[in-house]
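Using the sequences provided together with the hints, build the complete structure.
Number of protein chains: 2
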Amino acid sequence: MRIKCTVSYDGSQFYGYQVQPGQRTVQGEIEQALSDVHKGKFVRITASGRTDAGVHAMGQVFHFDTDLQVPAAKWPVILNQKIGDDVAVLSAEEASETFHARFDVKTKEYRYIVNTSPVALPFRRHYAVHYPYTVDIEAMRQAAAYLEGEHDFTSFSSAKTEVVDRVRNIEFIKIEAFEGELIFRVKGNGFLYNMVRIIAGTLLEVGNGKYQPEDVLKMLEAKDRGAAGKTAPAHGLYLWEVNY
Amino acid sequence: MRIKCTVSYDGSQFYGYQVQPGQRTVQGEIEQALSDVHKGKFVRITASGRTDAGVHAMGQVFHFDTDLQVPAAKWPVILNQKIGDDVAVLSAEEASETFHARFDVKTKEYRYIVNTSPVALPFRRHYAVHYPYTVDIEAMRQAAAYLEGEHDFTSFSSAKTEVVDRVRNIEFIKIEAFEGELIFRVKGNGFLYNMVRIIAGTLLEVGNGKYQPEDVLKMLEAKDRGAAGKTAPAHGLYLWEVNY
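The listed protein sequences correspond, in order, to chains A and B. Position 145, counted from 1, in the first sequence is what UniProt numbering calls 145; the numbers after and before it change by one each time, with no gaps. Position 102, counted from 1, in the second sequence is what UniProt numbering calls 102; the numbers after and before it change by one each time, with no gaps.
Because the hints were derived from the structure by calculation, they are not lab data. Here the structure is a predicted model, which is why all the values come from computation and not from measurement. Think of the CB as a built atom: it goes at the ideal place given N, C-alpha and C, for glycine as much as any other residue. Treat the hints with caution; some may be incorrect.
What the hints assert, rightly or not - Stretches of chain A that chain B covers, calculated by requiring three or more beta carbons in the stretch to come under 8 Å of a beta carbon on chain B:
no.: 1; region: 7-20
no.: 2; region: 76-89
no.: 3; region: 117-129
Said to hold, decoys possible - Cβ pair distances, simulated, as ranges:
no.: 4; chain 1: B; residue 1: 180; chain 2: A; residue 2: 217; range: 40 to 46 Å
no.: 5; chain 1: B; residue 1: 81; chain 2: A; residue 2: 149; range: 41 to 47 Å
no.: 6; chain 1: B; residue 1: 224; chain 2: A; residue 2: 119; range: 40 to 46 Å
no.: 7; chain 1: A; residue 1: 106; chain 2: B; residue 2: 81; range: 43 to 49 Å
no.: 8; chain 1: B; residue 1: 223; chain 2: A; residue 2: 93; range: 52 to 58 Å
no.: 9; chain 1: A; residue 1: 82; chain 2: B; residue 2: 171; range: 44 to 50 Å
no.: 10; chain 1: B; residue 1: 180; chain 2: A; residue 2: 141; range: 28 to 34 Å
no.: 11; chain 1: B; residue 1: 18; chain 2: A; residue 2: 119; range: 22 to 28 Å
no.: 12; chain 1: B; residue 1: 107; chain 2: A; residue 2: 94; range: 50 to 56 Å
no.: 13; chain 1: A; residue 1: 106; chain 2: B; residue 2: 134; range: 34 to 40 Å
no.: 14; chain 1: B; residue 1: 138; chain 2: A; residue 2: 69; range: 41 to 47 Å
Written as structure tokens, this is what we have:
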């Protein structure tokens with residue numbers, strides 16, 4: 001039986017999602033719990049994609065196969081008893097045998113949170129990047145609009161990206177201002193390595209006047225990581241939702 | 001010159017506010033920083049009151065005396081460079097030589113946050129108590145109303161309380177429901193040891209039907225800690241605001 005789970009995690013104390021020898025990872029934590037439940041038999045989980053160290057998730061999705069006769073809705077209770085309190089399986093359901101958490105993704109939404117308070121606030125230190133500057137939100141929104149739609153995002157992906165086809169479609173980039181924080185909502189059909197963090201970093205540099213909104217067009221055309229802005233820090237980023 | 005500071009801290013990694021030998025405390029962290037700035041001369045800080053291990057503060061207030069010729073508004077910047085990122089001085093101003101952060105308190109507001117989601121959410125694990133039950137908010141509000149005003153709060157203070165006069169005036173207890181969380185706002189002219197946590201714990205037991213709202217009257221009359229409900233955990237509690 002294939003089980004599809006939605007999981008949330010605070011990335012602060014994880015060395016990222018993907019299993020790494022000798023490091024605490026989200027995947028490792030869940031696979032260990034599943035293997036315990038399966039009496040020591042190793043159980044692989046497959047997620048919608050990786051997240052880096054420090055990156056959070058509100059609604060990451062993974063699947064696994066089991067031959068245990070456990071009602072799907074019981075899996076959150078079983079797993080949450082065995083995993084750390086900084087990761088929680090929110091829901092589980094039976095999926096078809098052909099469902100694949102990575103290959104079947106239609107769209108994902110990421111959010112990037114920026115706190116613009118003059119003082120770095122203790123409660124936000126792991127959950128929003130501190131950027132105590134005045135920003136021009138309208139300029140940022142203009143720049144964001146240039147990034148929406150289908151583009152080659154080579155300039156907005158890590159130079160280490162090995163994928164050849166860097167054309168992706170961004171459905172929207174919304175910038176919301178709420179109680180001293182900016183929330184960048186980015187939804188698209190696929191994301192390259194570091195793409196949302198580079199978009200957020202670049203938009204902040206539009207906001208502070210280093211770049212003009214139109215400069216973003218030249219950055220896209222350049223197809224060169226060096227042409228775009230900085231990579232914003234990991235701890236402001238959330239994998240918010242995965243849609244199938 | 002006497003300086004009045006407002007400070008916020010995430011209590012998770014502190015062994016409470018008050019200095020304790022060999023433990024990391026908020027007071028110890030700030031006094032160390034101030035002593036560094038004063039070239040090794042010890043500087044005592046005096047807060048509005050203590051908070052226990054795990055308890056948070058949005059607006060704790062303390063004062064200290066200095067003979068350094070530093071503009072008052074510079075103190076947050078100076079101190080925040082030297083203290084951990086889980087504590088931040090939000091503002092500072094010059095106060096009169098007779099101002100006293102503890103003796104001059106007129107009222108304080110505490111908040112207690114309860115998360116009622118079925119699953120314990122990773123991002124709330126240090127910042128709200130998890131109480132995954134259906135609660136009767138109207139019953140809780142009725143019970144809270146009985147606690148408002150001037151009463152002897154012996155039943156709502158730790159049995160270890162040494163203070164003789166346990167009469168305090170509660171200006172209000174408001175219960176707000178917001179996005180899967182309950183926020184208890186309690187404002188009064190003074191609080192006994194554990195008082196807000198016992199009020200929160202008791203109100204939750206009214207909410208789940210263990211007690212009726214009127215039972216709270218009998219608890220007050222009993223003047224006995226054993227008569228009231230449980231002490232709710234520290235990590236849901238915030239010293240929100242101190243008024244002078």
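Hint check results:
With 3 residues having a beta carbon nearer than 8 Å to a beta carbon of chain B, the region 7-20 of chain A meets the requirement of three or more and the stated coverage holds. Residue count for the region 76-89 of chain A with a Cβ under 8 Å from a Cβ of chain B: 7. That meets the three needed, and the coverage hint holds. Counting residues of the region 117-129 of chain A whose beta-carbon sits less than 8 Å from any beta-carbon of chain B gives 7, enough to reach three: the coverage restraint holds. The beta-carbon spacing between residue 180/B and residue 217/A, approximately 42 Å, falls within the hinted interval of 40 to 46 Å.
Between residue 81/B and residue 149/A the beta carbons are some 44 Å apart, a value that agrees with the proposed interval 41 to 47 Å. For residue 224/B and residue 119/A, the hinted distance range of 40 to 46 Å is satisfied, since their beta carbons lie about 44 Å from each other. Distance hint for residue 106/A and residue 81/B: a CB-CB separation of about 47 Å, consistent with the stated range 43 to 49 Å. The hinted range of 52 to 58 Å is satisfied by residue 223/B and residue 93/A, whose Cβ atoms lie roughly 53 Å apart.
Taking the beta carbon of each, residue 82/A and residue 171/B are about 45 Å apart, inside 44 to 50 Å as hinted. For the pair residue 180/B and residue 141/A, the supplied restraint of 28 to 34 Å holds, since their beta-carbon distance comes to about 30 Å. One distance hint, 22 to 28 Å for the beta-carbon pair residue 18/B and residue 119/A, holds here, with the actual separation near 23 Å. Here the CB-CB span from residue 107/B to residue 94/A is close to 55 Å, well matched to the stated 50 to 56 Å.
One distance hint, 34 to 40 Å for the beta-carbon pair residue 106/A and residue 134/B, holds here, with the actual separation near 35 Å. Judged by the Cβ atoms, the range 41 to 47 Å given for residue 138/B and residue 69/A holds: they are separated by roughly 43 Å.
Consistency note: the structure conflicts with none of the earlier hints.
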